[in-house]
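**Student:** Each chain, letter by letter, is given below.
There are 4 protein chains.
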Amino acid sequence: MRVGVFGASGYAGLELLRLLLRHPKLEISVVTSEQRAGQPVGEAFPALRGRLDLAFDAAEPERLASRMDLAFTALPHAASAPTVAVLREAGVAVADISADYRLRDRAVYEAWYGPHGHPELFGKAVYGLPELYRDQLAGAQLVACPGCYPTSAVLPLVPFLRAGLVETAGIVIDSKSGVSGAGRKLDAGFLFAELDENAKAYKVADHRHAPEIEQEASVAAGKPVQVTFVPHLLPTVRGILTAVYCRPTQPVSTARALALLQEAYADEFFVRVLPEGETPTLASVRGSNFCDVAAIADERNGTLVLLSSLDNLVKGAAGQAIQCANLMAGFPETEGLLETAFLP
Amino acid sequence: MRVGVFGASGYAGLELLRLLLRHPKLEISVVTSEQRAGQPVGEAFPALRGRLDLAFDAAEPERLASRMDLAFTALPHAASAPTVAVLREAGVAVADISADYRLRDRAVYEAWYGPHGHPELFGKAVYGLPELYRDQLAGAQLVACPGCYPTSAVLPLVPFLRAGLVETAGIVIDSKSGVSGAGRKLDAGFLFAELDENAKAYKVADHRHAPEIEQEASVAAGKPVQVTFVPHLLPTVRGILTAVYCRPTQPVSTARALALLQEAYADEFFVRVLPEGETPTLASVRGSNFCDVAAIADERNGTLVLLSSLDNLVKGAAGQAIQCANLMAGFPETEGLLETAFLP
Amino acid sequence: MRVGVFGASGYAGLELLRLLLRHPKLEISVVTSEQRAGQPVGEAFPALRGRLDLAFDAAEPERLASRMDLAFTALPHAASAPTVAVLREAGVAVADISADYRLRDRAVYEAWYGPHGHPELFGKAVYGLPELYRDQLAGAQLVACPGCYPTSAVLPLVPFLRAGLVETAGIVIDSKSGVSGAGRKLDAGFLFAELDENAKAYKVADHRHAPEIEQEASVAAGKPVQVTFVPHLLPTVRGILTAVYCRPTQPVSTARALALLQEAYADEFFVRVLPEGETPTLASVRGSNFCDVAAIADERNGTLVLLSSLDNLVKGAAGQAIQCANLMAGFPETEGLLETAFLP
Amino acid sequence: MRVGVFGASGYAGLELLRLLLRHPKLEISVVTSEQRAGQPVGEAFPALRGRLDLAFDAAEPERLASRMDLAFTALPHAASAPTVAVLREAGVAVADISADYRLRDRAVYEAWYGPHGHPELFGKAVYGLPELYRDQLAGAQLVACPGCYPTSAVLPLVPFLRAGLVETAGIVIDSKSGVSGAGRKLDAGFLFAELDENAKAYKVADHRHAPEIEQEASVAAGKPVQVTFVPHLLPTVRGILTAVYCRPTQPVSTARALALLQEAYADEFFVRVLPEGETPTLASVRGSNFCDVAAIADERNGTLVLLSSLDNLVKGAAGQAIQCANLMAGFPETEGLLETAFLP
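Chains as they are written, first to last, in our numbering: chain A, 15 to 358; chain B, 15 to 358; chain C, 15 to 358; chain D, 15 to 358.
Since the hints were made in silico from the structure, they are not lab data. Honestly, I wouldn't trust all of these hints.
Just so you know, same-sequence chains aren't split out, so a pair can sit in one copy or run between any two.
As the list claims (entries may be wrong) - Straight-line distance between alpha carbons at most 25 Å, and here's what the computed SDA-like set of lysine to any residue pairs gives:
1) Lys237 to Gly184
2) Lys217 to Gly184
3) Lys39 to Arg65
4) Lys237 to Arg261
5) Lys39 to Leu352
6) Lys217 to Gly56
7) Lys217 to Ser267
8) Lys39 to Gly64
9) Lys138 to Gly236
10) Lys217 to Asn315
11) Lys39 to Ala107
12) Lys237 to Pro262
13) Lys199 to Ala92
14) Lys217 to Thr268
15) Lys217 to Pro262
16) Lys138 to Ser232
17) Lys217 to Ala58
18) Lys217 to Arg270
19) Lys237 to Ala278
Next up, chain A with everything else stripped away, as it sits in the complex:
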């Protein structure tokens, strides 16, 4: 199956290339980059020299659509929607990594992102979290791949909301992310000289991933859920570590909380529920499509702590998109994704 990658020179796009080069059933036929159109991939990115014999195309979906069966669109939000529309019109299946079709409520989208260029596709996109929407993803033609932070928060939280075990008010999500989550932005704060040995919170209770988390939390709870979402920037390239703080609606021990997670994810290859006493680390998931989750009940203080780790570029972006593409195409879900994290 021929696949195109739009926005292939950004971090998520490059990670798609790295992973797709290992995929036995997907063949990269087109890669686009506005800034590098015409340049051979291996010249622009020496890591890819000898691995991929293609040049970047300009992102012209009309012209390129016939050269692919499925497209990954790793473009900035707002830039993605028109490309997606053209590709869908041409019959190309699309796994969109941008934010353009993640939110199902157009008003919420526009409140956080501004006007939407192709609202007609709202409601036609399946939310690409296979652990929650596997059935709808099978054979889907348009998938909106989740944000990195939402994936890390929703996976540990949803089982508790579904079971009614935690209050829907007052949920706090404290996430810590490596800098690749921001893309290849030439911002002074992302320079090595300013980020090494540094860390900070940013967009406190004001990050665009909050409404996405709330959307999925509300579905799970069956009623509106609001969260206080506080992202932090870490001096790492990859990885998201998330702590969700919530209050049980009834006494819950650590053992019971873990049992609930184990039950929820017993059949999920990419979600690993850690045994009691262990906490998720960035290192254990780096480069892999796993999301590790854990739970600790602080019964003394009436607080339940849910923890997760994932690689923002894999399970938080490119890997999850391929997991979705496997479902869209009817391939085994883990195809091309059986990677083990570096150690060390």
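Using the hints provided, position chains B, C and D relative to the given structure of chain A.
**Tutor:** Chains B, C and D in isolation, oriented as in the chain A frame:
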């Protein structure tokens, strides 16, 4: 004034040396190290070559007491108490950086740390947080310098508890610390190869600094306060970033929360209340004795977010100990501590 | 084909596991670790949870030999030789990652490493650098995989020595390595707190990899070659960057030097000769089995600069061992090794 | 004495601020920044909040000259010369941190940097390496502070050239630098996501600091010296580690080489000659004005290895400029510079 540093070859001890070498009124007369007794300081630590012409002594307080007027004890907990007892007996003023005299309730101490060797000094130590206990520190003879995490949590939280503006139940403290906070421990998890590009939560709701935070929070609130304290390990050498999540007892805006902090710390040199829109960073305080604090109200979700940053080895240990020593000796409080963080 | 990994809990051993888990024709049947015997792999190393369903065995080659067709021995030098001897006796093919059989001159071995336990196998091992010894590696039963530094130095240097284009005297090799090259040693200098933002030269002109480089350089030159080898420790986990400084025997331009490298490695998949103007980076090879090489002639000063980069755990250890194993077993040489470096 | 800092928002300028804030005899009266003119320093750089109560001025030397007795010009090359000319015209003493007056041969300057705007001041500037030019620096009115790489190479090399102990041909200098040496450049290669866990050589035998090294090496040798200079980029913020490879003109042991360095620098506070067996590290000098040097003779191969470490922003820029200013003003040379490196 002659000062001795017990445990001078640990990270807090070395930081004391770095800072004391800049202090115009304190002269290092004795440095001890069990492992390096007899070795010249500059030979053991090349960074100190040409800066300090002393050799390490074995930690024998009886023999050494007459060579100092004030001692900093940077020893492991339990090892500190007997040294402190001997020094006090000999009339030496002591700023203790260990945990041995931080908790005022012996039962709480023993529940978290085990039996205490010199409980007779319980209640004779002043808690060395000058912003809260300045009056008692003036002329004190025994000071228990706070833990690094408690300093980072107590400074932003106390004004709100004193004002009755936040609920005393359900407080969550999510802290992120550089690895020097653990001391020079030969633990595989602290190796560069395993910590770089890594991060994790540890001792979730089970860290010894929790009761210390609760002690000071309870004093501020005038009633028992419990907290859920979740420390994280960051891939940085220095620095603690803390987020305190609590629920206002009445509607509180960001502006009002910041005004309360500004009022509380208007006369405090080492606590900088950041303007609205700015969040504390590790870089801005690294190497300095500052603690930067901020507040953001998430009114939509009924959560108040308090943030702080400090250098765990300075305001969280050695710098704060010198700040206390300045008060004990009647020197200006900022003497020797006017350092600016590296940038970059 | 069933393979065993002796010393599977060290860094080279773990990297073997990561890579072997992707290999379509090699199946891990045994993993040993003295310290972790009996422990399930995924419990000891969370990154491997869900990936490898084995427990560590104690390193008892007599007992284990029948459970494998080929063994990778990733043991410390001196510890490897007896294990290799037992395995060979039992008819198991061995790719040895230790230093025990790299040197062909026993006197040189013993001068640098001390007495050798099984000198009878000296001369029976093929030096496992496929780019130089491919023919002998095909079907070999005992392979001594090269050291990481030697691989990085020998690959760019050998073509020039073979062509007689550089003087054999006065060669200087300045290498910079990430800390994983030292293994999981609990040395204070390898702690994150002491290595981050740090770097230094060590074992200057006194490192055990020098005689190994000299052995292969001498073969290429057809006469004895001595080198000044200066390794440095970098604050990275992985990677070796090497600069070889030598003097041309006749005027050599950058273009001619690059042409010589291109000619030498035209058919080598894992050696990438960079175009003029580009220099090798650690990032471009991290996690992959590539060695990138470049050459710059400083004609003004009569010096030829040869540069290389590789991942010390892949092309410098585990990846190269698998490349050898592929040749030993008659598999395609790149089998299981087509990995692309992370970007970012 | 009132001092102005031109280009105060760059890395060298900010480091000047950090160090000047500790100087008992120099008072910062003016700070300029084109990009931040009008902005309070503490608002632009939170690390300086509470430390320096000034706003940035636009860099208008005519207008500002009367407000300072001495100026530090930390501007890009070419931009510095006109500012220096105006300041000198107005009678302000100048320590120039740019490259504009380091080279004494105008033809060499123009070959590497292009046309020079104020060649009339060529020959009026003293090269600001106090260890070599102390006498001329006393009372000087215009000082050209050395580049960071040249300082690191010249200090260990000059004693050997002066003594005629090393050949003047074939000298190789392999330097490794933290990224702050490049200034706050918004270059993708300097992003944390692309530099962490990375390293590379750049501008091989083609860096502008080569002619500066050659100038001072030639003075020391009494005849023209050429060097092959190969700089590398390290994943650290600060620090330069340099290895100089040269060939002795007669047999030289490590002991004799170290004795020569000790003799040369016996009276130099800021140059520390390490004892045999120790090598310079970045950590030992970070934040301090020290340059650590060492020598190892590889007698077997006829090569002498000279090593050095320094902090590129201190001894390599701002600290050395203050050391010069102390000499220009007749203050003790170490005034304000007695800082100890962080450990850890």
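**Student:** Now look at each hint and say whether the structure bears it out.
**Tutor:** Right, here's what the structure says about each hint:
In the homo-oligomer, the alpha carbons of Lys237 and Gly184 lie at most 25 Å apart both inside one protomer (14 Å) and across protomers (23 Å), since each shortest distance falls under that limit. For the identical chains of this complex, Lys217 and Gly184 are neighbours both inside a copy (18 Å) and across copies (23 Å), given an alpha-carbon limit of 25 Å. Within a single copy, Lys39 and Arg65 get their C-alpha atoms as close as 17 Å, and across copies as close as 21 Å, so both meet the 25 Å cut-off. Taking the shortest alpha-carbon separations for Lys237 and Arg261, both the intra-copy value of 16 Å and the inter-copy value of 22 Å come in at or below 25 Å.
Taking identical chains as interchangeable, the C-alpha atoms of Lys39 and Leu352 lie at most 25 Å apart whether they share a chain (14 Å) or sit on different chains (16 Å). For the homomeric pair Lys217 and Gly56, the shortest alpha-carbon distance between copies (21 Å) is at most 25 Å, but the shortest distance inside one copy (36 Å) is not. In the homo-oligomer, the alpha carbons of Lys217 and Ser267 lie at most 25 Å apart only across protomers (16 Å), although the nearest pairing inside one protomer, at 33 Å, exceeds that limit. Within a single copy, Lys39 and Gly64 get their C-alpha atoms as close as 20 Å, and across copies as close as 23 Å, so both meet the 25 Å cut-off.
In this assembly of identical chains, Lys138 and Gly236 lie within 25 Å of each other by CA distance solely inside one copy; the values are 21 Å within and 56 Å between copies. Within a single copy, Lys217 and Asn315 get their C-alpha atoms only as close as 28 Å, which misses the 25 Å cut-off; across copies the closest is 15 Å, which meets it. For a Cα distance limit of 25 Å, the shortest separation of Lys39 from Ala107 inside one copy, 15 Å, qualifies, whereas the shortest one across copies, 34 Å, does not. With identical chains, the CA atoms of Lys237 and Pro262 are at most 25 Å apart both within one copy (17 Å) and between copies (24 Å).
In this assembly of identical chains, Lys199 and Ala92 lie within 25 Å of each other by CA distance solely inside one copy; the values are 17 Å within and 29 Å between copies. For a Cα distance limit of 25 Å, the shortest separation of Lys217 from Thr268 across copies, 14 Å, qualifies, whereas the shortest one inside one copy, 31 Å, does not. With identical chains, the CA atoms of Lys217 and Pro262 are at most 25 Å apart between copies only, with a shortest distance of 20 Å across copies and 27 Å within one. Taking CA atoms no more than 25 Å apart as the test, Lys138 paired with Ser232 passes inside one copy only; the shortest distance there is 20 Å, against 54 Å between copies.
Taking the closest pair of Cα atoms, Lys217 and Ala58 come within 25 Å of each other only across two copies (19 Å); inside a single copy the shortest separation is 33 Å, beyond that limit. Taking identical chains as interchangeable, the C-alpha atoms of Lys217 and Arg270 lie at most 25 Å apart only when they sit on different chains, with a minimum of 19 Å there against 34 Å within one chain. Taking the shortest Cα distances, Lys237 and Ala278 sit within 25 Å of each other inside one copy (20 Å), while across copies they are farther apart (40 Å).
In summary, the structure agrees with every hint in the numbered list given earlier.
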